[in-house]
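Asks: Each chain is listed here by its residues.
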Amino acid sequence: MINVLAAAEWGGEFEGVLDPINALFDFPAIIPLELFGVDLGINRTILIAWLVTAAAAALFIVGLRSPQVVPGKLQSFLEMIVDFIRGIALEIIGPKGTRFVPLLTTFFVGIFVLNVAKITPFLMLPPTSRMAWPAFLALISWLVFVGVGIKEQGFGAYFGGIMFPPGVPKALYVILTPIELLSNLILRPFTLAVRLFANMVAGHILVVITLSAIHVFLPSVPVGWMVGGFALLAAPVVFGFELFIIGLQAYIFTMLTAVYISSSMEAHH
Amino acid sequence: MEGTLNVIGYGLATLGPGIGLGLLIAKAIESMARQPEAAGMVRTTMFIGVAVVEALALLAFVLAFAL
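Going down the list, the protein sequences come from chains W and B.
All the letters of the first sequence, read from the start, carry residue numbers 1 to 269 under our numbering.
All the letters of the second sequence, read from the start, carry residue numbers 270 to 336 under our numbering.
If you are wondering where the hints come from, they were derived from the structure by calculation, not from laboratory data.
Quick reminder that beta carbons are idealized off the backbone N, C-alpha and C, glycines included.
Accuracy of the hints is not assured; some may be wrong.
One-sided excerpt, in silico: chain W residues whose CB lies under 8 Å from chain B [claimed, not checked]:
id, residue
1, D83
2, R86
3, I92
4, T191
5, V194
6, A198
7, A202
8, I205
9, I252
10, L256
11, V259
Covered stretches of chain B (chain W as the covering partner; in silico rule of three or more C-beta atoms under 8 Å from a C-beta of chain W) [stated by the list, open to error]:
id, region
12, 304-318
13, 323-332
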């Protein structure tokens with residue numbers, strides 16, 4: 001598809017004209033910085049991430065700095081978000097879930113604003129489409145749910161519960177123990193991270209293709225403008241769909257973290 | 270015309286999760302229609318199931334690029 005667009009733009013001779021798909025995500029460092037052999041260059045992704053997280057933090061600080069008994073517009077909006085997360089926590093984890101509302105709210109709002117940079121004009125790049133962000137968020141989630149399991153059940157009971165779920169014939173443990181260990185300790189954080197990452201990558205590519213199809217095809221005279229016109233009509237639909245995906249991914253990440261926390265709080269039955 | 274078989278592989282790999290998601294969501298809607306008072310619980314459980322099924326398609330998506 002990218003090749004087709006490039007062919008239309010440059011008239012057939014497009015071998016090597018366009019960078020591979022990585023060019024959509026990998027930006028050169030604006031301020032190169034290297035510490036102990038680790039590349040810490042400040043690039044567009046980092047700047048966007050700082051901007052959106054600072055904006056979200058500012059919104060919450062301004063809105064909830066001096067909470068009123070009768071909330072204003074901003075305060076009641078922010079309270080609605082917190083209340084929504086509180087509802088998830090109470091429903092999934094139970095009464096003990098109130099402890100995790102700050103963490104889950106941070107996850108939800110953080111992931112939402114990082115994702116929403118994908119369809120924000122002039123930013124148009126979700127920082128969560130670089131694997132570092134989802135991986136780090138999933139690492140935090142992993143540390144929390146393993147930590148909660150060890151704290152609530154004790155080290156032996158928690159890992160024993162994972163490795164030897166009761167009510168299973170003894171011989172099956174040969175197969176079950178490795179599968180349970182793998183799925184609980186490795187696949188859970190991995191799928192958390194990959195789900196967010198893959199959705200953002202796919203969404204970013206979709207947005208780029210739609211917008212560049214408009215840009216490339218709309219001015220082309222004989223027939224190409226039809227494709228461009230179709231892309232122009234489709235663009236609002238694509239943006240709406242992306243907004244839905246953005247919200248859904250933030251919700252799913254938050255909810256799955258709550259589910260994992262709840263499963264490590266109580267022993268397996 | 271050049272390309273990679275990975276893309277075809279990814280297309281094939283979406284079939285399973287696609288069928289799975291269809292069954293899962295259809296059953297969830299069915300049970301929500303039968304017992305609207307349990308809709309909240311069904312929705313939560315459905316999303317957990319959707320997340321598990323979707324993981325397969327996502328693994329394929331990543332492997333299509335990685336391999």
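Asks: For which of the previously enumerated hints does the structure constitute a violation, in increasing order of number?
Replies: 1, 2, 8
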